[in-house]
Amino acid sequence: QKEVEQDPGPLSVPEGAIVSLNCTYSNSAFQYFMWYRQYSRKGPELLMYTYSSGNKEDGRFTAQVDKSSKYISLFIRDSQPSDSATYLCATKTSYDKVIFGPGTSLSVIP
Amino acid sequence: DGGITQSPKYLFRKEGQNVTLSCEQNLNHDAMYWYRQDPGQGLRLIYYSQIVNDFQKGDIAEGYSVSREKKESFPLTVTSAQKNPTAFYLCASSRDRGDEKLFFGSGTQLSVL
Numbered sequence: 268q269k270e271v272e273q274d275p276g277p278l279s280v281p282e283g284a285i286v287s288l289n290c291t292y293s294n295s296a297f298q299y300f301m302w303y304r305q306y307s308r309k310g311p312e313l314l315m316y317t318y319s320s321g322n323k324e325d326g327r328f329t330a331q332v333d334k335s336s337k338y339i340s341l342f343i344r345d346s347q348p349s350d351s352a353t354y355l356c357a358t359k360t361s362y363d364k365v366i367f368g369p370g371t372s373l374s375v376i377p
Numbered sequence: 057d058g059g060i061t062q063s064p065k066y067l068f069r070k071e072g073q074n075v076t077l078s079c080e081q082n083l084n085h086d087a088m089y090w091y092r093q094d095p096g097q098g099l100r101l102i103y104y105s106q107i108v109n110d111f112q113k114g115d116i117a118e119g120y121s122v123s124r125e126k127k128e129s130f131p132l133t134v135t136s137a138q139k140n141p142t143a144f145y146l147c148a149s150s151r152d153r154g155d156e157k158l159f160f161g162s163g164t165q166l167s168v169l
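Chains E and Z, in that order, are what the protein sequence lines are.
Quick note: to get our numbering, add 267 to the position in the first sequence (first position is 1).
Quick note: to get our numbering, add 56 to the position in the second sequence (first position is 1).
Bound-form chain E, shown alone (with noise of 0.2 angstroms):
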């Protein structure tokens, strides 16, 4: 089993339309959550960041951690063209390395 598991999709929606993007992690150490955007061909941005459990809330953008069943999302609301990209989630304990999901690929078609 893999230490973070995310659905690749690609993942269509149209303008508008509200997005929730999902991995499971298999380690109940880790402490440290956080979803990274990729635009295609660049590197990985920190778009969100949550320590344990708990939602939190930057603009458009809510992460969620349920620790116990081991459940991290991240929802986009009014999500724009500009949101096209590829999803990564990414997590850690506090003393190991950061251990990524393999992406989800997001479109949003005006």
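In case anyone wonders, no lab produced these hints; they're calculated from the structure.
For each residue, glycine too, the CB sits at the ideal point set by N, CA and C.
Check each hint, because a few of them may be wrong.
[What the hints assert, rightly or not] Sample of chain Z residues with no beta-carbon within 10 angstroms of chain E, all distances over it, derived:
id : residue
1  : Asn-109
2  : Ser-129
3  : Ser-136
[To be verified] A few chain Z residues facing chain E, derived, Cβ under 7 angstroms:
id : residue
4  : Gly-96
5  : Gln-97
6  : Gly-98
7  : Leu-99
8  : Leu-146
9  : Glu-156
10 : Lys-157
11 : Phe-160
12 : Gly-161
13 : Ser-162
14 : Gly-163
On the provided structure of chain E, position chain Z as indicated by the hints.
Frame of chain E, contents of chain Z only:
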């Protein structure tokens, strides 16, 4: 502007050739990393360095070598021993090894001629 600069953007390797990918950062970060990205796969860690003159193997270090002679620079050499080098290579840095926030360069696409 602070950031990470990778060069070249595209690189071609001939059979039996070693090639070196450049990575420079001006963020004053202690830790630097090299990742390999293949289609449909997550980022895989090749090497990382916590301080100058020190580096550690990641998950897929075979066929690669690195050096860390300066804090700002962490070049990656893809040797002829790496039989499947075609991939997108990403350099990253963080404030220190324990920091979960990684900053990435724009990547180098390496292809085999």
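Results of checking the hints against the structure:
1. For Asn-109(Z), the requirement that its beta carbon stay farther than 10 angstroms from each beta carbon of chain E is met, with the minimum near 20 angstroms.
2. Interface exclusion of Ser-129(Z) from chain E stands, the closest Cβ pair being 17 angstroms apart, more than 10 angstroms.
3. Listed as outside the interface, Ser-136(Z) is consistent with that label: its C-beta sits roughly 26 angstroms from the nearest C-beta of chain E, beyond the 10 angstroms cut-off.
4. With its C-beta approaching chain E no nearer than about 6 angstroms, Gly-96(Z) sits inside the 7 angstroms limit, and its interface hint holds.
5. The beta carbon of Gln-97(Z) comes within 6 angstroms of a beta carbon in chain E, closer than 7 angstroms, and the hint placing it at the interface holds.
6. With 7 angstroms as the threshold, the beta carbon of Gly-98(Z) comes within range of chain E, its nearest partner Cβ sitting at about 4 angstroms, so the hint holds.
7. A cut of 7 angstroms between beta carbons decides the hint on Leu-99(Z): the least distance to chain E is about 4 angstroms, and the hint holds.
8. For the restraint placing Leu-146(Z) at the interface with chain E, the shortest Cβ-Cβ distance is roughly 6 angstroms, inside the 7 angstroms limit, so the hint holds.
9. The restraint placing Glu-156(Z) at the interface with chain E holds, with a minimum CB-CB distance near 4 angstroms, inside the 7 angstroms limit.
10. The restraint placing Lys-157(Z) at the interface with chain E holds, with a minimum CB-CB distance near 6 angstroms, inside the 7 angstroms limit.
11. Because the beta carbon of Phe-160(Z) sits about 3 angstroms from the nearest beta carbon in chain E, less than 7 angstroms, this interface hint is met.
12. Annotation: interface hint on Gly-161(Z) holds; nearest CB of chain E at approximately 5 angstroms, less than 7 angstroms.
13. Residue-level restraint check for Ser-162(Z) holds (minimum Cβ-Cβ distance to chain E is 5 angstroms; threshold 7 angstroms).
14. Annotation: interface hint on Gly-163(Z) holds; nearest CB of chain E at approximately 5 angstroms, less than 7 angstroms.
The structure fails none of the hints (numbered hints given earlier).
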